[in-house]
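Below are the chains, spelled out letter by letter.
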Amino acid sequence: MSEAATVVLLLIAAFGVFLVDVYGRGPVSRQRLDRFARRQQLRVTADNGNQVIRYLATTRRWRVAGLIGGIAASQIGAPAGTIVNFNFVAIFAGWFLGALVAEVRVDHLAHGRVRAASLRPRRPEQYVRPFTWALVPATAVIALVTGAITAVADRTGWAEPNWAWAGLWLGLAVAVAVTVRLIQRAVLRRAQPVAAPDVIEADDAIRSRSLHVLSGGGAALVLFLTLNLLASLRPTAVGAQQVVAALVLIGVFAVALLGWLVATSMWPPRRPGTDLANPAPA
Amino acid sequence: MTADRLPGNGPGVVVDPGSPTPPYEQIRAQIVTMIEAGTLPAGAQLPTIRQLAADLGLAANTVARAYRELEAGGWVVSRVRHGTSVAARRRVSEADVRRRLHEAAHAYAVLARRLGVGTDEAIEAVRSALAEDAARSARPDDPVRSALPDGEGEPGPDRPT
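As given, the protein sequences belong to chains F and B, one line each in that order. Read in order, the letters of the first sequence correspond to residues 99 to 380 in my numbering. Read in order, the letters of the second sequence correspond to residues 981 to 1141 in my numbering.
In short, the hints are calculated from the structure, not lab data. Ideal Cβ positions, reconstructed from N, Cα and C, are used throughout, including at glycine. Hints may contain errors.
To be verified - Per label pair, the in silico range of CB-to-CB distance:
(1) F/Val-276 <-> B/Pro-1002: 34 to 42 Å
(2) F/Gln-139 <-> B/Val-1057: 32 to 40 Å
(3) F/Ala-232 <-> B/Glu-1074: 43 to 51 Å
(4) F/Gly-210 <-> B/Glu-1104: 41 to 49 Å
(5) F/Gly-210 <-> B/Ala-1084: 25 to 33 Å
(6) F/Val-202 <-> B/His-1086: 43 to 51 Å
(7) B/Ala-1109 <-> F/Arg-227: 36 to 44 Å
(8) B/Ala-1040 <-> F/Arg-152: 40 to 48 Å
(9) B/Arg-1078 <-> F/Val-276: 28 to 36 Å
(10) B/Pro-1002 <-> F/Leu-266: 47 to 55 Å
(11) B/Arg-1059 <-> F/Ala-343: 46 to 54 Å
(12) F/Glu-223 <-> B/Leu-1091: 46 to 54 Å
(13) F/Phe-229 <-> B/Val-1060: 23 to 31 Å
As the list claims (entries may be wrong) - So the derived list for chain F, only partly shown, Cβ under 8 Å to chain B, looks like this:
(14) Leu-217
(15) Arg-220
(16) Ala-289
Kindly produce the complete structure, drawing on both the sequences and the hints.
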């Protein structure tokens, strides 16, 4: 890394510390709270308001920290002779890593001295659409199929893939998908002791928003890594490399749009299991 | 302590860590009560062990033991990938019958002693209650009989095991 690039990296680090300290720890804006309430169709009350604000503050702090880390990682990986480097996948991966950490660190409702819990099973379909829940495993399958296509193309001589990079992207894509799924399951299991109905509604809304962000962000990251895998295919046919490059370019925008739409979609949590005399389908 | 219906949360369980009764037994007893009362109907799904353990702030092993006991007693069935649900028809094992009978008899004996009732009088009261119950269960509109799961409350030899 050149001296100029190192200076840029130090500036990013200093700006990052400032941003996390001032913006990340500052008060949550009214607009942010309203946006959360609108997306989840949640009635914010005096009892559940602080609970939502704590969630928003935790996720914002960690996502900002992750974003700064991603920008720094992008700068560290700058090619020789480059002063400022913006690797979109590295920056997005940093943001998403922050989002993952935030979900692990979000507070759950406190237990009282006498422990009480509902016997209502928590199912993914209460918090996200079936499409959203299936998205991360589906993208993992797409990554594996792309890996298989790369291997076949290599065998048949249609392409000369760079296996060092292709293996790395494929391994990362599968690892991200597995990690996201594990954290999604942990979010579903996050403790929900018995509390007032509006507090439970806020807890369900938080769970739903977490699962949306993990599904949208996780699927997008897996697909970005899959596009990297596709970019390392290096087809031998004349003009094929341009076709792959065009596909990757279109894919980047399509994946970013998909991730954003899923992560920000509205979905009020549903509670079909409240009355166990009419149990929800298994 | 029990919480058949928790406000806004549907059927639920309450565990008192200060109680002399072990937490797993508190959970088991409350779920049994809810199944007997019909609050948890046949086929109703129960939460996963990990979910209930997290919600109650208990170790997963504690809830797992309660579920194991419920399964051994025929109250619930557990299937891989389908979770745990209330059994369609409760099968009462002989050991379970003896245990519950002994518990009820013991509680009755303690009550009789506290009331200062003699052994003969206490046994006579039981005989009288059994006779009344037999006469009542012969009637088709018996509310106790209709509230029991299939097979329970029938005379011993016909009881499913």
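Supplied contact hint for F/Leu-217, tested at 8 Å Cβ to chain B:
5 Å, holds
Range hint 34 to 42 Å: satisfied by the CB atoms of F/Val-276 and B/Pro-1002?
37 Å, holds
Taking 28 to 36 Å as the hint, is the beta-carbon distance of B/Arg-1078 and F/Val-276 inside that range?
49 Å, violated
Outcome of range test on Cβ distance (B/Ala-1109, F/Arg-227; 36 to 44 Å):
57 Å, violated
Hint check for F/Arg-152 and B/Ala-1040 - Cβ pair distance inside 40 to 48 Å:
26 Å, violated
Using the beta carbons of F/Val-202 and B/His-1086, state whether their distance is inside 43 to 51 Å or not.
48 Å, holds
Range hint compliance [Cβ, F/Phe-229 to B/Val-1060, 23 to 31 Å]:
26 Å, holds
Consistency of beta-carbon spacing, B/Glu-1104 to F/Gly-210, with hint 41 to 49 Å:
46 Å, holds
Would you check whether F/Ala-289 satisfies its interface hint, that is, whether its CB is within less than 8 Å of any CB in chain B?
4 Å, holds
Would you say the C-beta atoms of F/Ala-232 and B/Glu-1074 sit inside 43 to 51 Å of each other?
Given a distance of about 47 Å, which is inside 43 to 51 Å, the answer is holds.
Given the hint of 25 to 33 Å, is the C-beta distance from F/Gly-210 to B/Ala-1084 inside that range or not?
32 Å, holds
Check the following: the C-beta atoms of F/Gln-139 and B/Val-1057 are separated by a distance inside 32 to 40 Å.
37 Å, holds
Of the hints listed earlier, those the structure fails to meet are numbers 7, 8 and 9, in rising order.
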